[in-house]
Amino acid sequence: MVLKTRKLLKGQNDMGQGEDRISKLPDSLLHNILSFLQIKCVVRTSILSKRWSSYTELLEGPKKTKVDGLHNCEVKIYAPNLVSLTYYGSIAKGYVLSTFSSLVDADVNFVFETRREEIGYGASIPNLLQGLSNVKCLKVSGKTLEGISADHLLKNLPTFHNLIQLNLTSKVQYAADKALFVLLQMTPNLESLVFHRESTSLSKNLGFRPSAHSNNDVWTQNMVTGCLFQHLKCVHFKQFSGYPRELDMIKLILKNARALQTITIESSSFLKEALNTEVVIMEQLLRLPRDSPSCVIEFS
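Residue numbers (full-length UniProt numbering): 1 to 300.
Calculated directly from the structure, the hints in this document are not laboratory data.
Please note that the accuracy of each hint is not assured.
[Stated by the list, open to error] Capping the alpha-carbon separation at 30 Å, the derived lysine-lysine pairs in DSSO-like fashion look like this:
hint : residue 1 : residue 2
1    : K76       : K143
2    : K24       : K93
3    : K251      : K155
4    : K139      : K171
5    : K24       : K136
6    : K76       : K24
7    : K136      : K76
[To be verified] Derived DEER-like restraints, expressed as beta-carbon distance ranges:
hint : residue 1 : residue 2 : range
8    : N156      : C227      : 25 to 33 Å
9    : N156      : C73       : 45 to 53 Å
10   : T99       : D151      : 44 to 52 Å
11   : T277      : G89       : 34 to 42 Å
Treat the numbers as computed from the prediction; the structure is a model and nothing was measured.
Note that the Cβ used here is the ideal one computed from N, Cα and C, for glycine as well.
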């Protein structure tokens, strides 16, 4: 009995002096083990094996690598039962998407660092939007609209037959006006339209921003159209500043939205500070002709 105990103790003492068993593990198993650990824990345990330390360097590597985004990549998504999609970031070289027949909501916000980047990769945006053509609620940023403002890109926009709610989630520059108008034409069953604005203390950044080259042509030239907003019921302007482009947009909606029930106008801090101007604009809006006899304009 004493001899057997001594052998067991001897075996336990030799375990730390034996061969490196971790080095014999397959790569797939090592990757699986490391995936459950934080990087600090991986570094601490690298003393267990020389091979383990090489994986530590591999994990730390990406922190020092500059990534250029998805410009040279093609994004493929096969998810026929997808109900919600949020895309925020740089644009890819191209998109291969399955038919999202069950898609309920989508939020698209492309980020462009330069105008050159916007022009160079904007052609991929209609490609993505075509895959979202069955969506019911769409959120899109002003920058995204700017990316598709060229005529040859606007021709590739799909018709959103199922879309009932459209939200513009950031300020819309003058360069995006044409794209916005075409997008509205491609939403024949739209019921709700919301204009969000980024909160800021700089009044020049609020609402439909004025431009040195802006003459409101897009909205004034299309004031005679009768095919827009046939099913539109609710419109909400957030951070409304009373700029001419905003006023022309409201005129266009009132003139063509026969089913319109309410327009809610939420004044920006800039407009609220100019109390007299706010009152004048409110009175002006209330006097505008409207195609819907039951439409109510609400101010908040």
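Evaluated hints:
1. K76 <-> K143: holds (23 Å)
2. K24 <-> K93: violated (41 Å)
3. K251 <-> K155: Roughly 26 Å between the alpha carbons, so the hint for K251 and K155 holds.
4. K139 <-> K171: holds (13 Å)
5. K24 <-> K136: With a Cα-Cα distance of about 53 Å, the restraint between K24 and K136 is violated, given a limit of 30 Å.
6. K76 <-> K24: Outside the cut-off at roughly 36 Å; violated.
7. K136 <-> K76: Holds: K136 and K76 sit about 22 Å apart, inside 30 Å.
8. N156 <-> C227: 25 to 33 Å: violated (20 Å)
9. N156 <-> C73: 45 to 53 Å: violated (21 Å)
10. T99 <-> D151: 44 to 52 Å: violated (27 Å)
11. T277 <-> G89: 34 to 42 Å: The hinted range 34 to 42 Å holds for T277 and G89, with Cβ atoms some 38 Å apart.
Violated hints, in rising order: 2, 5, 6, 8, 9 and 10; the structure is consistent with all others.
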